[in-house]
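Take the given structure of chain A and dock chain B to it, following the hints.
Same order as they appear, the protein sequences are chains A and B. Numbers given in the numbering used here equal positions in the first sequence, counted from 1, plus 636. Numbers given in the numbering used here equal positions in the second sequence, counted from 1, plus 636.
It is possible that some hints are incorrect.
Each pair may be met inside one copy or between any two copies, as identical chains are not told apart.
[Claimed, not checked] Each computed EDC-like pair below joins lysine to aspartate or glutamate, with the alpha-carbon atoms no more than 20 angstroms apart:
id, residue 1, residue 2
1, K822, D909
2, K691, D761
3, K812, E861
4, K800, D761
What the hints contain is simulated information worked out from the structure, not anything from laboratory work.
2 protein chains.
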Amino acid sequence: MSIVVMGTVALDTIKTPHGFKKNMLGGSASHFAVSARLFTPVHLAAVIGEDFPEKHITFLKRKGVDLASLTTVKGTTFRWEGEYRCDDLNTACTLKTSLGVISSAIPRLDTHQRNIKHVFLANYDPDVQQEFLKLFKNPQLVGMDTMNLWINTKLSAVKRLLKKVDILIVNDTEAKDLTHELNLLKAARCLESYGPKMVIIKKGEHGGIFYSKRFIFAMPAYPLEIIIDPTGAGDTFAGAVMGYLVKSSHINASVLTRAISYAIILSSFNVEDFGLTKTAALTLKEVHQRMKIFRRFFLF
Amino acid sequence: MSIVVMGTVALDTIKTPHGFKKNMLGGSASHFAVSARLFTPVHLAAVIGEDFPEKHITFLKRKGVDLASLTTVKGTTFRWEGEYRCDDLNTACTLKTSLGVISSAIPRLDTHQRNIKHVFLANYDPDVQQEFLKLFKNPQLVGMDTMNLWINTKLSAVKRLLKKVDILIVNDTEAKDLTHELNLLKAARCLESYGPKMVIIKKGEHGGIFYSKRFIFAMPAYPLEIIIDPTGAGDTFAGAVMGYLVKSSHINASVLTRAISYAIILSSFNVEDFGLTKTAALTLKEVHQRMKIFRRFFLF
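Pulled out of the complex, with its shape left as it was, chain A reads as follows (with noise of 0.2 angstroms):
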């Protein structure tokens, strides 16, 4: 049992109203990486370019990640420069993109995981997650996410794969978008008729709500003081769903409703450090104690 993701290895930099930091370790993939890597196996699948530091190898590698599908190509590794401000810590203002490599390469796989059964398609250009996940043999859960940029551009392309996903992972915006929906539940029921079975609708500070035709249930963020980087929290939400989704043996209400509670520890633990500082020296014994006080909260 083990998951391949493939998205985005970045270098970040960042400013919020704590700090700035010059070419962290970020990207969809990393993230997603280092949160999923607690519950299950992870191969990371994407590109990178020359330049990008062997400290960032070294530490994927530390945290057990697999990195046989990591890529490197002749050219300079997908940058992202971000802001946020104190009066809207769940939105991004993007400063600065430079794709690199990310414009022209595409993911491979490497052909010995082409029979691993679980595979989240991080936000990316939604014809490359297609063509991505064609290399699977015999895929079982496939989850996915993309962004406003791909629902403007390439709408068809991601309806066409919302065909082929079991799972779809997507924030509050980006449902809106995709469905012309303003309310949640009426958005989530729409894109279940896309396609993917299971949906989930993140929220950021207000939690997520998670869609299917038979169970529907919403969960509150796990309420922090301090906000430090929110930048990277929908990945790392994703990584807790869909790796415990594949360590567990198999998915019904009270599974899915575990996932999700994890998935929300997990991303409160991300945004109280920059990048992956936080998730990276996290140990499920962090987790489970924060996830007992989670827990209090519903001892009604």
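Just chain B, lined up with the frame of chain A:
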């Protein structure tokens, strides 16, 4: 065991994407009472004008609400006209407010009710709230609400009153305006430092958070696809919290989570129809059916 609620009894005219209703029974005290009566006897203190329809009196009486402190004075009843737009059902646009009798007359307390131990001061001029509270011989559990109008115009009176109350129940924008804190947990901590031992911040469709020195928790709203009229959801919430606490012999973490889960459920019913239509017809049996579904959200 019973509770006195002091607030408004109004005639509401409301436009939402789902329809238009004229001169419905509304007001903070009405919504509070119709919710709280499911848990404990309620005494309502408010002023109405000579134009107040007899049928609304009959209705409140039939719901078991004690109207000994409902005073009819010369003039017209407080009227509110509001609109909700489909892109933001969380926020009411006030079209017209006619204060009528509440601009001069203040709610009085029947002498037989001076020994009652539980009081809720719904949104009102904070000086009137304070004077009303003084009428009680030995109040044991005092809750209050307020609104931006008073925060902006009578902040020192609001803060003076906060020293005398046990539970503050406000919405997120009120909490932020009262404290100048953007983070709701920081806002709640700050509000607690003003006096109330317990602070509840309502977040509309995103649920609510509870704060006390010993215990903090968050709860999601009950997810709904169709919201007909959100008017009074906050007062319905407060009614359930206070009603349940009064009913309980003591207050601890588990009683508080139960009180707030009832508040979430009651307000979810409230918004499913205009005015008091849904909550007035509600039985505890229906509440418990929805509660059973809500509980399943937290199986983890």
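Okay, the hints, checked on the actual structure:
Proximity of K822 and D909 under a CA criterion of 20 angstroms is satisfied inter-copy only: 18 angstroms between copies versus 34 angstroms inside one chain copy. In the homo-oligomer, the alpha carbons of K691 and D761 never lie at most 20 angstroms apart, since the shortest distance is 28 angstroms inside one protomer and 62 angstroms across protomers. In the homo-oligomer, the alpha carbons of K812 and E861 lie at most 20 angstroms apart only across protomers (14 angstroms), although the nearest pairing inside one protomer, at 28 angstroms, exceeds that limit. In the homo-oligomer, the alpha carbons of K800 and D761 lie at most 20 angstroms apart inside one protomer (15 angstroms), although the nearest pairing across protomers, at 58 angstroms, exceeds that limit.
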